[in-house]
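**Q** The chain contents come next:
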Amino acid sequence: ETGVTQSPTHLIKTRGQQVTLRCSSQSGHNTVSWYQQALGQGPQFIFQYYREEENGRGNFPPRFSGLQFPNYSSELNVNALELDDSALYLCASSLGFFPLSGGETQYFGPGTRLLVL
Amino acid sequence: KNEVEQSPQNLTAQEGEFITINCSYSVGISALHWLQQHPGGGIVSLFMLSSGKKKHGRLIATINIQEKHSSLHITASHPRDSAVYICAVSVGAGGGADGLTFGKGTHLIIQP
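Chains A and B are the protein sequences, given in the same order.
Here my numbering is used: the first residue of the first sequence is 76, the next is one more, and so on.
Here my numbering is used: the first residue of the second sequence is 768, the next is one more, and so on.
Note that these hints are calculated values from the structure, not bench results.
C-beta: ideal position from N, C-alpha, C; glycine also.
Take the hints with a grain of salt, since some may be wrong.
Said to hold, decoys possible - Over 12 angstroms on every C-beta distance to chain A, these chain B residues come out as not near it, computed from the model: (1) S793; (2) K820; (3) R825; (4) Q833; (5) K835; (6) A843; (7) H845; (8) P846; (9) D848; (10) I876.
To be verified - Derived, one-sided and incomplete: chain B residues facing chain A with beta-carbon distance under 8 angstroms: (11) T779; (12) H800; (13) G808; (14) G809; (15) I810; (16) S812; (17) M815; (18) I841; (19) I853; (20) G866; (21) F869; (22) G870; (23) K871; (24) G872.
Chain A extracted, bound-state conformation (with noise of 0.2 angstroms):
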């Protein structure tokens, strides 16, 4: 039990439409990165959120964007649905000593398993 959690743990939507995913980080813990795991690979890293802001991107569109609260708690937004957007979306919270260094234990909710038709 990591004390992150995420919702809804499972979602169906259609190409065309957006979707809201949303993750409650541990309280105290200031960075939040979402990652996307299609199926067989390896998580890959969409952005990192510190104290509300945009920290750090990795190869995704536009169309994916997020939020931070300064309740810990964080949203990531997808517009325009693809096929390709199935995947289990992951959150992962860590305290976020700045300077960040991607040297601290991150803690991962169980995901949100998202299917696009």
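Following the hints, put chain B in place on chain A, whose structure we already have.
**A** Chain B only, in chain A's frame:
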């Protein structure tokens, strides 16, 4: 861009066997993470290390910074160790954030 390679991709062993999973990466890192993922998706952090060796119960992780290589060992393996083991590295050095770069994982099955 850091490339993370794991071997083997799949491993089936008998209960009690000593297990080794290897990870190599292509560029300098700030830390290497070993993670465990069970069916259903949940990921648990096992180790984070930037040098030397760490031990937790039956699990041991080592890293050789010069050779850009890490190993995860499981002693006295048990069927409950069956999972996907993922190696991930972080590169960020102050200010920026590159997230973790993951290997594809090693699917481990321990048979009774």
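**Q** Could you run down the list of hints and mark each one as holding or not?
**A** Results of checking the hints against the structure:
no., hint, result
1, S793, "holds (15 angstroms)"
2, K820, "holds (17 angstroms)"
3, R825, "holds (20 angstroms)"
4, Q833, "holds (18 angstroms)"
5, K835, "holds (16 angstroms)"
6, A843, "holds (25 angstroms)"
7, H845, "holds (21 angstroms)"
8, P846, "holds (22 angstroms)"
9, D848, "holds (19 angstroms)"
10, I876, "holds (16 angstroms)"
11, T779, "violated (17 angstroms)"
12, H800, "holds (7 angstroms)"
13, G808, "holds (4 angstroms)"
14, G809, "holds (5 angstroms)"
15, I810, "holds (4 angstroms)"
16, S812, "holds (5 angstroms)"
17, M815, "holds (5 angstroms)"
18, I841, "violated (20 angstroms)"
19, I853, "holds (6 angstroms)"
20, G866, "holds (3 angstroms)"
21, F869, "holds (3 angstroms)"
22, G870, "holds (6 angstroms)"
23, K871, "holds (5 angstroms)"
24, G872, "holds (6 angstroms)"
Figure legend: structure checked against the earlier numbered hints; hints not met, in rising order: 11, 18.
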